[in-house]
Structure formats: structure tokens, C-alpha cells
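These are the residues of each chain, in order.
2 protein chains.
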Amino acid sequence: MTGTHEPPLVFWFEFASPYSYIAASRIEAAARASRVAHAWRPFLLGPILTHRGFADSPFNLDPRKGQYMWRDVERLCARDGVRWRRPSAFPRSGLLAARVAHAAGDRPWVRAFCLAVFRANFAEDRDIAATETIGAILNELGQEPSPILGRANAPDVKQALRTVTEAAEALGIFGAPTFQVGQELFWGQDRLDDAVAWAGKPAAR
Amino acid sequence: MTGTHEPPLVFWFEFASPYSYIAASRIEAAARASRVAHAWRPFLLGPILTHRGFADSPFNLDPRKGQYMWRDVERLCARDGVRWRRPSAFPRSGLLAARVAHAAGDRPWVRAFCLAVFRANFAEDRDIAATETIGAILNELGQEPSPILGRANAPDVKQALRTVTEAAEALGIFGAPTFQVGQELFWGQDRLDDAVAWAGKPAAR
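For the protein sequence lines, the chains are A and B, in the order given. 134 is the number of the first residue of the first sequence in my numbering; add one for each residue after it. 134 is the number of the first residue of the second sequence in my numbering; add one for each residue after it.
One thing to keep in mind: the hints can contain errors.
Repeated chains share a single entry, so a pair holds when one copy, or any two copies, can fit it.
[To be verified] Below, a list of computed lysine to any residue pairs in the SDA-like style, where the Cα atoms sit at most 25 Å apart:
#1 Lys-291 to Phe-192
#2 Lys-334 to Arg-208
#3 Lys-198 to Ala-162
#4 Lys-198 to Leu-294
#5 Lys-291 to Ser-167
#6 Lys-334 to Thr-183
#7 Lys-198 to Gly-315
#8 Lys-291 to Leu-228
#9 Lys-291 to Ala-330
#10 Lys-334 to Arg-204
#11 Lys-334 to Gly-315
#12 Lys-334 to Trp-217
#13 Lys-334 to Asp-195
#14 Lys-198 to Thr-183
#15 Lys-334 to Tyr-201
#16 Lys-291 to Gln-200
#17 Lys-198 to Ser-167
#18 Lys-334 to Ala-293
Since the hints were made in silico from the structure, they are not lab data.
Chain A extracted, bound-state conformation (with noise of 0.2 Å):
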């Protein structure tokens, strides 16, 4: 999902967050409205969790935390009318549906791709990090699951999404959503509007 030319915003995800979420759903509207073109780059953030020295999710490991982020995310998904039950697992690995989103490259269908898992683990608790959940997921789609989860496992996607987050860890990027434009980075679904303005500036560009 990277292309030589880079647009003014790239928005930087992992599917286990419940924020990212929040983000994939509201960034196609907000983009628009601003005319600001933009790519959509899903990566891990576990392993830059792990050099953080997190062993779980902030949000497992720090329960006040936790239970702000549960209350907070139920509370803006009904503002802005993204559909939303709490998933009975938490994290679920976003690696399978990640590598997918790599090997589809380009496809037209990739961003609903990312928004169908993103729904599948936050409105209708269905376990991403399963082939099968991920395959009906393509299915619904119209894309034939096989030959895609057969690429999704390819050795150069797997070192793809490594090295996107790689490049994700060594732009500075700790946590997701993070929007990017140019050498700013914005952190959270909160920013994003600030994120859209900056990359519409003429000297962002």
C-alpha cells in the first residue's frame, strides 16, 4: 500500500486498536471535505510496543486506563455514529489482516477491506486474527479468499509489513492511529482534523 509518490497524509493503523477504529471510519469524509489526498498503511504496533517495554496493550496493562479507553470509545462511536459493541477478546492480533491489506497493494477494494475487519473485531466481535474470519471477510467482498490469503503469506509480504514497521518505528511513530504529513506526526483519532489541515497546507504539500 505504498506508492512511489507519497500523498500529503498517510495514515498509519493497526487493526487491534480500538481508536484506529474510530479513525478508518471518519478519515474518507474528513479527507474529502479537505480535498487532501491520502494512503491508507497498516502496520504492527506490538513490536514498538515491545521496545516500549509493553508485554500487553497500555490499555490491559494500566486498568484505569483501560477502562477510560472502553468508556471513551463507546462514547465517541456513538457520537459519530460508528457502530460499536466491545469485543470479549482484546487485543486480537491484526497481523493476518494486515499482511492482506500489503498484498492487495493498489486493489480498489482494500480500503472496505480494512473497514470490514476494523468492524468484524469492533461492532461484531468476530476473531480477526482468524483465516476464516478474514476469508468471509473476502468473500463478502467478492474476491476469492484463496489466492489472496496464499499471497498474504508470501515471504515478501510478510517482509513488506515488516519493514513498513519498521519505517513506521523509525519515523517515531509510538502508537495508533498516527497521521503523517511529511515529518509531522499527529498521534490519535482526536488529531486527525489537525492532521487534515496540515497536509492542506500549501507548504505541506
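Model the placement of chain B on the given structure of chain A, informed by the hints.
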């Protein structure tokens, strides 16, 4: 600074916190525009961070998060027209300033005092932990420092600040600033508008 009749919006803040500074600079205008009454409530984040397992500011313990924060605060201050100079020491203890604010109770100059302390820390690089700095700020506000500083160190004022900090923790507050509307918490300066909107809902009053 706690009244018998709690206003719909309570602004919990820590003098050592850069994002609290931004919130303090913005809240009057935001609340006035929505006609939401609010209280300013300084507390100590340090004891809560200690209970969460942090021996220093998370921004110092986690260099990537710290690096992001300093750039983000600079950018937000530029956006909002808030004076900013990165302090040469971080964090500086807000203990004395918080005690003075509690000692002053409902005196009309308290919010001006709080803003002046924030500016001293984050726009003028002055040591707000020093009695001389706090005394000078009181002087600039036309207040005789000695009696107020004496009150600030009285046992009942020290206990009042402890009690408020325990109340923050009991509410589930884990960071600063936090905006409280009844039982709802909104963490982070970027959620000020959400909190004001929530406080303005008929059901929240």
C-alpha cells in the same frame, strides 16, 4: 476551589503538565461560548503516576513519546496563539502553586494566578517550584505574598490538596488535564470541546 454546588464542568489540572497549560489557556473562551459554568481544580499528578508505576513523567521515561510531546505542544501553541518556550527543566513541581491555589479558595484572582504560573513554567522558563517565583507572581497580581504563602503551608491546606488528589484518583483520573462532567471523564486538552458539549447537554446539568 471546591464549591458546595458543583458546576457542570470541572477542569482538573497539574501545573507541571504542558497539555494542562494549553487547556488552561483555552477553557475560559470555550466555556463562555457555550455558557457552561466550570471550576478549576489543581491536583497533583505525581502520586497518581507513582501508583500507576511511573517513577518520573511518562514523557521522560519514554523518549519517543517525549519527543513527540515537545513538538506537539509547540505546534498546538502556535495554532492557538499560546505563548510557548520549552522549559529547561521538566517536570517542575507544581506542589507550592497548587497549595497556593487551594489556600486562595474562591478569591477572584485565582484563575489569573494559575495562568501566570503556567506561563512562568512554559513561556518564561521560570522555576515554579521556588517560593521566590510564586511570591513574584502574587506580587504581579497585586497580592501580598507573605500571608498567602503562610496559608499555603498550613496543615489544613496541605490536607485539602491531598484530599483533592485522592478524589481525582477515586474518580478514575490518571492524567492531566482531565475534564469531568458528572461521572464522565475526558482526558487530554484535545477533548475540551467534547467535554464542554457534554456539559451543555440538558441531561448532564
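Status of each hint after checking the structure:
1. Taking the shortest Cα distances, Lys-291 and Phe-192 never come within 25 Å of each other, neither inside one copy (27 Å) nor across copies (33 Å).
2. Taking the shortest Cα distances, Lys-334 and Arg-208 sit within 25 Å of each other only across copies (14 Å), while inside one copy they are farther apart (31 Å).
3. In this assembly of identical chains, the alpha carbons of Lys-198 and Ala-162 never lie at most 25 Å apart, being 29 Å within a copy and 29 Å across copies at closest.
4. For the homomeric pair Lys-198 and Leu-294, the shortest alpha-carbon distance between copies (23 Å) is at most 25 Å, but the shortest distance inside one copy (29 Å) is not.
5. With identical chains, the CA atoms of Lys-291 and Ser-167 are never at most 25 Å apart, being 34 Å at best within one copy and 51 Å at best between copies.
6. In this assembly of identical chains, the alpha carbons of Lys-334 and Thr-183 never lie at most 25 Å apart, being 35 Å within a copy and 41 Å across copies at closest.
7. When the C-alpha separation of Lys-198 and Gly-315 is checked against a cutoff of 25 Å, the pair qualifies only between copies, where the shortest distance is 18 Å, while the shortest distance within a copy is 30 Å.
8. Proximity of Lys-291 and Leu-228 under a CA criterion of 25 Å is satisfied intra-copy only: 9 Å inside one chain copy versus 51 Å between copies.
9. With identical chains, the CA atoms of Lys-291 and Ala-330 are never at most 25 Å apart, being 34 Å at best within one copy and 45 Å at best between copies.
10. In this assembly of identical chains, Lys-334 and Arg-204 lie within 25 Å of each other by CA distance solely across copies; the values are 18 Å between and 34 Å within a copy.
11. In the homo-oligomer, the alpha carbons of Lys-334 and Gly-315 lie at most 25 Å apart inside one protomer (12 Å), although the nearest pairing across protomers, at 39 Å, exceeds that limit.
12. Taking CA atoms no more than 25 Å apart as the test, Lys-334 paired with Trp-217 passes between copies only; the shortest distance there is 22 Å, against 34 Å inside one copy.
13. Proximity of Lys-334 to Asp-195 under the C-alpha cut-off of 25 Å is found in neither arrangement, the shortest distances being 38 Å within a copy and 31 Å between copies.
14. For a Cα distance limit of 25 Å, the shortest separation of Lys-198 from Thr-183 qualifies both inside one copy, at 18 Å, and across copies, at 14 Å.
15. For the identical chains of this complex, Lys-334 and Tyr-201 are inter-copy neighbours only, at 21 Å across copies versus 34 Å inside a copy, given an alpha-carbon limit of 25 Å.
16. Neither within a single protomer nor between protomers do Lys-291 and Gln-200 lie at most 25 Å apart by alpha-carbon distance, with minima of 34 Å and 30 Å respectively.
17. In this homomeric assembly, Lys-198 and Ser-167 never come within 25 Å of each other (Cα to Cα): the closest approach is 33 Å inside a single copy and 29 Å across copies.
18. In this assembly of identical chains, the alpha carbons of Lys-334 and Ala-293 never lie at most 25 Å apart, being 31 Å within a copy and 48 Å across copies at closest.
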